[in-house]
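So the protein sequences, as listed, match chains A and B. Here the numbering used here is used: the first residue of the first sequence is 118, the next is one more, and so on. Here the numbering used here is used: the first residue of the second sequence is 65, the next is one more, and so on.
Hints were generated in silico from the structure; no laboratory data involved. A virtual CB, placed ideally from N, CA and C, is assigned to each residue, including glycine. Treat each hint with caution, since some may be false.
Stated by the list, open to error - To give an idea of the interface, some chain A residues facing chain B are shown, with a C-beta separation under 10 Å as derived from the structure:
| # | residue |
| --- | --- |
| 1 | 154 |
| 2 | 156 |
| 3 | 159 |
| 4 | 183 |
| 5 | 205 |
| 6 | 207 |
| 7 | 221 |
As the list claims (entries may be wrong) - Straight line, CA to CA, 20 Å or less: simulated SDA-like cross-link-like pairs of lysine to any residue:
| # | chain 1 | residue 1 | chain 2 | residue 2 |
| --- | --- | --- | --- | --- |
| 8 | A | 165 | A | 134 |
| 9 | A | 199 | A | 240 |
| 10 | A | 250 | A | 126 |
| 11 | A | 250 | A | 134 |
| 12 | B | 162 | B | 102 |
| 13 | A | 199 | A | 248 |
| 14 | A | 195 | A | 244 |
| 15 | A | 199 | A | 159 |
| 16 | A | 134 | B | 471 |
| 17 | A | 134 | B | 478 |
| 18 | A | 134 | B | 391 |
| 19 | A | 134 | B | 413 |
| 20 | A | 165 | A | 144 |
| 21 | A | 165 | A | 154 |
| 22 | B | 162 | B | 182 |
| 23 | B | 309 | B | 322 |
| 24 | A | 134 | B | 474 |
| 25 | B | 443 | A | 154 |
| 26 | B | 443 | B | 177 |
| 27 | B | 465 | A | 141 |
| 28 | A | 134 | B | 412 |
| 29 | A | 134 | B | 475 |
| 30 | B | 443 | A | 170 |
| 31 | A | 165 | A | 141 |
| 32 | A | 199 | A | 209 |
| 33 | A | 134 | B | 476 |
| 34 | B | 443 | A | 180 |
| 35 | A | 165 | A | 147 |
| 36 | B | 162 | B | 324 |
| 37 | B | 283 | B | 302 |
| 38 | B | 465 | B | 212 |
| 39 | A | 248 | A | 167 |
| 40 | A | 134 | B | 472 |
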Amino acid sequence: MGMGSDMYRQQILDHYKSPRNYGELEDPTFTHVGENPMCGDEIRMDVKLDDEGTIERVAFSGDGCAISQASASMLSGKLTGKTVDELLEMDRNDIIDMLGVDISPMRVKCAVLAEKVAQDGAKIHRGELDKSKTSTED
Amino acid sequence: MSQQNVGTLDIERIRSDFPILEREFDDQQVVYLDNAATTQTPDPVIDAMSDYYRYTNSNVHRGIHHLSQEASEAYERAHDRVADFIGASGREEVIFTKNTTESENLVAYSWGLSELGPSDEVVLTEMEHHASLVTWQQIANRTGADVKYIRIDEDGRLDMDHARECITDDTAILSAVHVSNTLGTVNPVTELTELAHEHDALSFIDGAQAVPNRPVDVKAIDADFYAFSGHKMAGPTGIGVLYGKQHLLEEMDPYLYGGGMIRKVTFEDSTWADLPWKFEPGTPQIAEAVGLDAAIDYLEEIGIERVQAHEEELAEYAYERLEAEGDVEIYGPEPGPDRSGLVGFNLESVHAHDLASIMNDHAVAIRAGDHCTQPLHDKLGVAASARASFYVYNTREEVDKLVAAIDDARQLFA
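Excised from the complex, chain B in its bound form (with noise of 0.2 Å):
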C-alpha cells in the first residue's frame, strides 16, 4: 500500500463503502462537506461493530467464559491497535474515553486540580475549541491558575514571537490544538512541545483535527498528552483516545471511581487498577473500541499520507474557487503545509446561517455558526461563519455544486 502514489485514490470505490453519500433530499444527491464535525462511518466500520454484537458481544475484564474472553481480547487488542496508529509505546499509554472533550477533561481534573494553582500558569492559544479552552478555563478559575492566551496573527497562524512570551518559568501546562477547526491553521506542535518542555511545563495537543486526516506521531512530537476523537476518523461516535506518558499516568490518579478500575476493594479504601484500565471506570464502550479498531484499518488500508494528499488538494482547489468569488472573506493561512483539509469563509452579503440554509436546499452540508471557537470569532470580529470540510470520499465535482449554491444564495440576496 505504501508503494502505491500519494493522491491517487480510486474515488468510486471509497464512496461505494459510505451508503449514506447516496442519501438524496427533494431529489439531490447529499453533498457531505461537514467532516470536521463528524465523518461518514465505512460499512467495513458499521460491519465490524455489528459483528460484534451478533457474535462476541459480552462484558469486558469479567467473565470466566468464552464470550468476555473473546471480548475482552478484542478491547485490549484496540488499545494496541491506537498505539501503534499514533507512536505511542503500548496500551499503557492510550486511554479510552467518550471523545477529546472528555480526555481534555481526563487530564484537567486528574492533573490540574491538583497540580495548578495561584502561581501557575495555564497557556492555550486564541484558537482553542472550547473543549480545552472551556475545561481549562473553570480549572484554572477553581485553582486560581492564570490563563494566557497565544496569540494569532492576520493570516491566522500561532505569534511563535507571543508564544516564546507567554511560555515562562510559571507554565505548568500549554494546551494547543495540532490543526485548528475554525481556521484549518496546522500549529507547530512539536516546537510548542519544545517551549513548553524548557520551561518544565507539559504539553497537552488536541488532535481531534490531525490524526483523521495526516500522520501523527506522538512521540516524535514528544506530547505529554495528545487527544483525539474517533467519529471524525470514519470511526463511530463515542469513543475518544486520551495519550498520555506512561510515567506521567501513572503518577495521576483517576477523577471517575467505579467498577473495573480497581485492583483491592475494602470498606475503607480502594487501590487502583494497572492503566490504561485505572482511567476506564464502569462498563466500557466495547463496540466503539471495535469500530475504532477497524476505522484505523480502513485509514492505513488507503494510506494516511494519500488521505492528507486527497484532502489538501480539495481544500486547495476550494480554496482557490472561492477567492475568484470576490466577495467571499476566507479564514486562516493560504493553502500550503501548514493548512489542513477544511475551509471557513463568510459570503459578504449572506449571514452565514442564512447560506447554510440555502445549501441546505441544494443538499449542501456544511456546518455554520460559532464552530466552538466563540473568542476567535470575537477575534475575528463575526458572530458566525461558514466552514466546507472534507474527507476520504469528497470529489472537486463536490466543491463545485458548493460553489454553485453560493452563487445561488448571492442571487437570492441580491
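Same shape as in the complex, but just chain A (with noise of 0.2 Å):
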C-alpha cells in the first residue's frame, strides 16, 4: 500500500522520531502541565523568560500520539524568541499552520495541547489563572 496519510507529512513524523528541544529545563520561569483524555496524551512545557520577559528557551516532555507530541516539538521551537503576550495571541490556526497539514476535526485537541499548555502556564505565571493542570476537555 504505502499510500501515506495527509496527516502524517514527513514533518511531523519527523518532529515525532526526534522531537526537539525534549527534556526539561533547570530553572524554568514557568512549567505547567496539560492532558488530553481522549488521546491519554499528556505535555508538560518549561519555559525560560529573559530579563525583558521574551521567551529564551522552552522545553517539553510527555506521552503521547504523534500530533500531540510533533506539534509540542515544533512549537518548542517556534516560540523561542516571541514574547508572552505574542504566545497568549497564537490560536489553533497558528497551530494548524504551523503543522502545515490538515488536521481531521477529531484530533485538533492532540494538535493544540502544548499550545494549550504553554499559554496557560503563562496565564498562571501573570497570576491571571489558577489551574494545577491543563485539560483539552476544560
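Fit the two chains together into the complex; they arrive one by one in their own frames, and the hints show the way.
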C-alpha cells in the first residue's frame, strides 16, 4: 500500500521520531502540565524568559500520539524569541499552519494541547489563572 | 431457516441490503469495522421506519382515530417481538428506553436510590462499560453503598474465585457485562447470576454487545434485569431495551414522570399505568420501535446463530492475522467459546489514535480510544486501544485490508 497519510507528512513524523527540545529546563520561569483525555496525551512545557520577558528557551516532555508530540516539538522551536503576549495571542489556526497539514476535526485537540499548556502556564505565571493542570476538555 | 447450515451466509446478498457499504472515500470503498460502536442499518429497517412515517404516523395510546390505533398496535407489537426474541414472558417485561445506558439508569434510579444504603454492596466487574460503572458508582456515592469490582485475570477473563469473594450477603445487586466491548470476553453470566441469587442479590446483565450477535435467553440466564441497544443490532439509534422480571418491575416506582405512564391523576396525586407503560413516559420512540421490530425480523431471517458463527469466524481470522504480525498486542481471551467478534489491540510503535487516523486514510473505520472503559485501560496499562469489530456483512477481504493498513502505519512510523 504505502499511499501515506496527509496528516502524517514527513515533517510531523520527523518531529515525532526525533523531538526537538525534549526534556526539562533546570531553571524555568514557569512550568505547566496538561492532558488530552480523549487520546491520553500528556505534555509538560518548561519556559524560560529573559530579563525583557522574551521567551529564551522552551522544553517539553510527555507522552502521547504523534500529532500531540510533534506539535509540542515544533511549538518549542517556534516560541523561542516570542514575547509572552505573542504566545497568548496564538490560536488553533496558528498551530494548524505550523503543522502544515490538514488536521481532522477529531484530532485538533491533540494538535493544540502543547499550545494550551504553554498559554495556561503563562497566565498562571502572570497570576491571571489558577489551575494545576490543563485539559483539552476544559 | 433454522435448517440451513450455520456459518454459510450469502454475504453479497446481505451486503446489498446496506447501501452505506458502497460509499467511497478518496476512491476507496469504506471498510466498516466499528460495529461494536454501532452497526449499519439494512434497507428493510430503513423502509419500515420510513413507511411508518409515510403511512402510519400518529401518537400512541391517545387517539381514537385509525392512525393512532395502528401506531399504537405497531408500538405495542414491537414489545412483544422483543420479548419473544430474548425469551421474556411478555410485553410487561420489556421497557423501551433510549439505549443501554438509560436502561442502567432506570434501574439505578428506580430501584437503587430507594433500596441501597450504607450496609449494601454493589458488585461490578473491572470490564464494565461506563454505562454501568459510572451509573452504579454515582448511585452508590449517593446512597452510601460500597462498590466492589470483580477482577480480571491475565487473559481478560473474570476471576471467578474473586467473584465468589466479592458477592456476599451484603451484596444488593450485581451488574456485569455479558460481552466486554473492549476485551471481547463472553462472561459466564448465568453462573454470576446464580452466585448473586445465592446471596439474595439481584443480577443486572448489560447485553449491549451480546444480543446483536448471539442467541440470548433471559430466562435461561435467570437475570433480574437485562439491557441492550437497538443501534448495535442493525436497528435504529434512539431505542434501547430494559428487560426486567415482572414482579420486580411491579414493585418499582417510575423515576420519569409525565403523560402516558399514568392511570389516574388528581391535583394531589397520581397512580401509574400498567407495565411496561409505567416506565415509558411521554411520547415514546415509535418509529424506532418499528425499526427495532424490523431489525429483529432481519436478524432472525438470517438466523442469529449464523450471525454469531460468521462474526466469530472473522474475529478468529483477524486474531490470527494480527498475532502473526508479531508487534501487535491483542487484548482479551484467545478465540473460543468465551470470545466474541471484536478484537482490541495496539500496534507497538504507533499510538492507537494515530493508527486509527492512518486506517481512515485507507477508508478503514475502526475505533480507537478508551471505549468507555477507562478504568480497564488503566489496568491494561494503556491510555487507548484500537478495536476492530465485525458484523454480518463483513468479509475476510476486509480483515486483509485492516492488516494491510497496519503494515502501512508501521512503515510510516518506522
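Outcome of the hint check:
Annotation: interface hint on residue 154(A) holds; nearest CB of chain B at approximately 8 Å, less than 10 Å. For residue 156(A), the interface hint holds, since its Cβ comes within 10 Å of a Cβ in chain B; the closest pair sits about 5 Å apart. The interface hint given for residue 159(A) holds, since its Cβ lies 8 Å from the closest Cβ of chain B, which is under the 10 Å cut-off. The interface hint given for residue 183(A) holds, since its Cβ lies 5 Å from the closest Cβ of chain B, which is under the 10 Å cut-off.
Nearest Cβ of chain B to the Cβ of residue 205(A): about 28 Å, over the 10 Å cut. The hint is violated. Taking 10 Å as the C-beta contact cut-off toward chain B, the hint placing residue 207(A) at the interface is violated, the least distance being around 23 Å. At about 7 Å, the closest approach between the beta carbon of residue 221(A) and any beta carbon in chain B falls short of 10 Å, and the interface hint on this residue holds. Between residue 165(A) and residue 134(A), the direct Cα distance comes to roughly 25 Å. Violation of the 20 Å bound is thereby established for this hinted pair.
A C-alpha spacing of about 15 Å is found between residue 199(A) and residue 240(A), which places the hinted pair at or below 20 Å, so the restraint holds. Annotation: proposed proximity of residue 250(A) to residue 126(A) is violated, straight-line Cα distance about 31 Å (limit 20 Å). Distance check on the hinted pair: residue 250(A) and residue 134(A) sit about 26 Å apart at the alpha-carbon level, beyond 20 Å; violated. A C-alpha spacing of about 14 Å is found between residue 162(B) and residue 102(B), which places the hinted pair at or below 20 Å, so the restraint holds.
Taking the CA atoms of residue 199(A) and residue 248(A), the gap is about 24 Å. The hint is violated against a cut of 20 Å. As the CA atoms of residue 195(A) and residue 244(A) are separated by approximately 24 Å, the hinted pair breaks the 20 Å bound. A threshold of 20 Å between alpha carbons decides the hint, and for residue 199(A) with residue 159(A) the separation of about 24 Å lies outside it, so the pair is violated. Straight-line distance between C-alpha atoms of residue 134(A) and residue 471(B) comes to about 18 Å, which keeps the hinted pair within the 20 Å bound.
A hinted pair counts as satisfied when its Cα atoms are at most 20 Å apart, and residue 134(A) with residue 478(B) qualifies at roughly 9 Å. The hinted pair formed by residue 134(A) and residue 391(B) meets the criterion: a straight-line CA distance of about 18 Å does not exceed 20 Å. With a C-alpha separation of about 10 Å, the suggested pair residue 134(A) and residue 413(B) falls inside the 20 Å cut-off, and the hint holds. For the hint pairing residue 165(A) with residue 144(A), the CA-to-CA distance comes to about 7 Å; that is within 20 Å, so the pair holds.
Straight-line distance between C-alpha atoms of residue 165(A) and residue 154(A) comes to about 27 Å, which puts the hinted pair past the 20 Å bound. The suggested pairing of residue 162(B) with residue 182(B) is violated, with an alpha-carbon distance near 30 Å, which exceeds 20 Å. Restraint check for residue 309(B) and residue 322(B): not satisfied, since their Cα atoms lie roughly 23 Å apart, outside the 20 Å limit. Distance check on the hinted pair: residue 134(A) and residue 474(B) sit about 13 Å apart at the alpha-carbon level, within 20 Å; holds.
A C-alpha spacing of about 16 Å is found between residue 443(B) and residue 154(A), which places the hinted pair at or below 20 Å, so the restraint holds. Taking the CA atoms of residue 443(B) and residue 177(B), the gap is about 29 Å. The hint is violated against a cut of 20 Å. Restraint check: the Cα-Cα separation between residue 465(B) and residue 141(A) comes to about 42 Å, which exceeds 20 Å; the hinted pair is violated. Taking the CA atoms of residue 134(A) and residue 412(B), the gap is near 14 Å; set against the 20 Å cutoff, the hint holds.
A hinted pair counts as satisfied when its Cα atoms are at most 20 Å apart, and residue 134(A) with residue 475(B) qualifies at roughly 13 Å. The straight-line distance between the Cα atoms of residue 443(B) and residue 170(A) is roughly 44 Å, outside the 20 Å bound, and the hint therefore fails. For the given pair, residue 165(A) sits about 11 Å from residue 141(A) by alpha-carbon distance, which is consistent with the 20 Å threshold. Proximity of residue 199(A) to residue 209(A) is assessed by CA-CA distance (about 17 Å); at most 20 Å being required, the pair is judged to hold.
Taking the CA atoms of residue 134(A) and residue 476(B), the gap is near 11 Å; set against the 20 Å cutoff, the hint holds. For the suggested pair residue 443(B) and residue 180(A), the alpha carbons sit about 18 Å apart, so the restraint of at most 20 Å is met. A C-alpha spacing of about 7 Å is found between residue 165(A) and residue 147(A), which places the hinted pair at or below 20 Å, so the restraint holds. Distance restraint check for residue 162(B) and residue 324(B): the Cα-Cα separation of roughly 16 Å lies within the 20 Å cut-off, and the hinted pair is therefore satisfied.
Taking the CA atoms of residue 283(B) and residue 302(B), the gap is about 26 Å. The hint is violated against a cut of 20 Å. For the hint pairing residue 465(B) with residue 212(B), the CA-to-CA distance comes to about 41 Å; that exceeds 20 Å, so the pair is violated. In summary, the hint linking residue 248(A) to residue 167(A) is not supported, as the alpha carbons are separated by about 24 Å, beyond the 20 Å threshold. Between residue 134(A) and residue 472(B) the CA atoms are separated by roughly 17 Å; this keeps the pair inside 20 Å, and the hint holds.
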